[in-house]
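A.B. asks: Here are the chains, one letter per residue:
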Amino acid sequence: MLVNVLNVISQWAIPLLLLIIPLYGFIKKVPVYEKFVEGAEEGFRTAVRIIPFLVGMMVAISVFRASGAMMVLGSLLKPITDLIAAPAEIMPLAIMRPLSGSAVLGMAAELMKFHGPDSFIGRLASIMQGTTDTTFFVLTVYFGSIGVTRYRYSVVSGLSADITGFLVSLYLCHRLFG
Amino acid sequence: MLNLIWLFLLVSGILVAAWHGNIEVVTSAALQAARDAVEVCLNLVGIMALWLGIMKIAESGGLVNALARLLRPLMVWLFPSVPPDHPAMGAIILNLSANVLGLGNAATPFGMKAMQHLDQINPRPGVASEAMCTFLAMNTSCITLLPATIIGVRASFNSANPTEIVGPCILATASAMVVGMSVDYWFRRRNRRRRR
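Those sequence lines, one after another, are chains A and B.
Using the working numbering, read the first sequence as starting at 8 and increasing by one per residue.
Using the working numbering, read the second sequence as starting at 1387 and increasing by one per residue.
Bound-form chain B, shown alone (with noise of 0.2 Å):
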């Protein structure tokens, strides 16, 4: 899926260019996005080391355990195939935590740490395992409460109510989760009658 997806993108934009007679454009948007690419992982090292220092402290003290044993019923019906005691539950509640506050640059941490833990119990190593996709629909469609950076953006063009479309936004995430779950659970259901 992924493999056409990226082959897609490439061929097509290269085609294109070819089309249009810049094909020039091409060199120079490859050269200088994978130039930003490592400039956005260097970035990344800093926030990483941070919040995962950070999520260490509050694990050692017991406070991640406490956060999962409180949601652990919602917890294990979303995760069915993890063992309700795994950190990865830990993880995985932090990242949703930080992606519904729109603390975006916290929640990248903790979501990459919880794939790490989720690959421990993962049986084949390299495929995604169930736990992971669902993790992965529940991530990219998660409710966000502050939209934090676009009310920033709409004050800065002074808009006459910069947070008119906190409302909308809630509402349209919360139906982009419900749709990424169903189709994450109808798929995880048709696998399983396959397999048997």
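Extracted from the complex, chain A is given alone in its bound form (with noise of 0.2 Å):
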């Protein structure tokens, strides 16, 4: 039942702002596709903008991950994670997910393929999953768009945010599904 309505809210979701902006501004008398593709170019350009920084990004995180040097971390923190009792399972993802989304969407998958989507793990990698946005990602995107290469303390609070994040996926999975 929460499904469907789940679903049929997605697939009207853009549908229905495609729909109403456009009327809403033609009501109003704005020259609709006039101010569309004046919008457009700007967004061109944005996008283009941002190809530097997020090679940059991309090519560290690729190297990191592939290298084994993510799983050397996950086994430096194995003291801390047996304390809060997370599974060794989900280390890479909890490292990865402030760093890389598709990333973790593809290894959240594995899990769930590997140990069932209604396993402990499974839960906890779909939470964690629907939890926090890709901070770097956010970061090199949104700042490269306008040149700001000095981000001061917004990596901190950024990452507080997904510790945080992590910690309260942790603690209501064992609650609830424990």
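Since the hints were made in silico from the structure, they are not lab data.
Just so you know, even glycine gets a beta-carbon here, dropped at the ideal spot from N, CA and C.
Hints are not guaranteed to be accurate.
[Said to hold, decoys possible] Pulled a few chain A residues facing chain B out of the computed Cβ check, cut under 10 Å:
1. Y31
2. E48
3. E49
4. R52
5. I58
6. A67
7. L80
8. K85
9. T88
10. P94
11. F144
12. T156
13. R159
14. S161
15. T171
Given two chains presented individually in distinct reference frames, assemble the corresponding complex, making use of the accompanying hints.
C.D. replies: Spelled out as structure tokens, the structure:
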């Protein structure tokens, strides 16, 4: 039931926006097509401007992951993860969460395939996937689009939110499904 | 900060690969990632153009301003350094609404637009302003009411109850948001005190 409702919402959200906004503009006597093209052109330029930032970030993350350094970091963190009762399988996902959205989605899918979506690990991976955005992607892309290179404390506040999201997911998973 | 994290990712990756005796992984990973990054951006070109085009219509018709007026008390409280009528406010609201609804690919264009507006009132170009940091803290931890992607993945692996994770997700994102915003607030206060 709920799945169907959610499916309908996600199917209709974008068509409705595409229907309502241009209609609204037309009623307000906006030259809708001309304004659309004007905005679209800005979008085009912005997307191209972030390429160098994203190349830098994705190369570093990819080297870190492919080389096995991520697994080493995971095993170094083992005393801490044992303390908070986090399964070892979930740690690579937790480390990647702030770094790369697509990598995490792939890892979550892999864990669900192996352990099943309704296992403890499957549920924890699902909750973590739905929690917090990819901090470094957002930082890179948003600041890249305006050429800001000094991020100041935003890295710390973003990461503290990520860690909170992880700990709360873990706690809830133990409480609800443990 | 970011310089160090970036360097750490690269250096530790290369050292571990060398230690494991398969240094060639670094080359292929780096080259592939560089190609992937451009592909991500190219995919983004069309989506950005579409959403910023739609946003321009909404802006010209006064829809964005109406929304901004509605949420004005909240926005002024969250972003004290931004003038209440500044166009950045509207773009921030659109970005957060898209995030809450789980429309990730609509959120990114609005977010970049908001950043460009915030940059116009940034006293130090190239350095993140207070409002930018607050916006980012909010953005990376934003409450998600509809984690549609992961529900889809769960359903595709035949979960007995794909949506059972929605409640925990909302709670976890809400706590992350509170902590992210509090940390941001603490830094802002500390920097102000130092400047005096």
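A.B. asks: Now tell me, hint by hint, if it's right for this structure.
C.D. replies: Hints and how they fare:
The criterion of a C-beta within 10 Å of any C-beta in chain B is met by Y31 (chain A), whose closest approach is roughly 5 Å, and the hint holds. The interface hint given for E48 (chain A) is met, as the beta carbon of that residue sits about 7 Å from the closest beta carbon of chain B, less than 10 Å. Because the beta carbon of E49 (chain A) sits about 5 Å from the nearest beta carbon in chain B, less than 10 Å, this interface hint is met. For R52 (chain A), the interface hint holds, since its Cβ comes within 10 Å of a Cβ in chain B; the closest pair sits about 9 Å apart.
Interface hint at I58 (chain A): satisfied, since its Cβ lies 5 Å from the closest Cβ of chain B, which is below the 10 Å cut-off. Interface hint status for A67 (chain A): upheld, as the beta-carbon distance to the closest one in chain B is roughly 4 Å, under 10 Å. Taking 10 Å as the C-beta cut-off, the interface hint given for L80 (chain A) holds, the closest approach to chain B being about 8 Å. Evaluation of the K85 (chain A) hint against chain B yields a violated restraint, the C-beta minimum of about 17 Å exceeding 10 Å.
Of the supplied interface hints, the one on T88 (chain A) is violated, with its beta-carbon coming no nearer than about 18 Å to a beta-carbon of chain B, more than 10 Å. Interface restraint check: P94 (chain A) against chain B, minimum CB-CB distance 16 Å, threshold 10 Å, status violated. For the restraint placing F144 (chain A) at the interface with chain B, the shortest Cβ-Cβ distance is roughly 9 Å, inside the 10 Å limit, so the hint holds. Against a cut-off of 10 Å between C-beta atoms, the interface hint on T156 (chain A) holds, since the closest Cβ of chain B lies about 6 Å away.
Given hint, R159 (chain A) at the interface with chain B, holds; its Cβ is 5 Å from that chain's nearest Cβ, closer than 10 Å. Interface restraint check for S161 (chain A): the shortest CB-CB distance to chain B comes to about 4 Å, inside 10 Å, so the restraint holds. Hint on T171 (chain A) holds. Least Cβ distance to chain B is approximately 4 Å, under the 10 Å limit.
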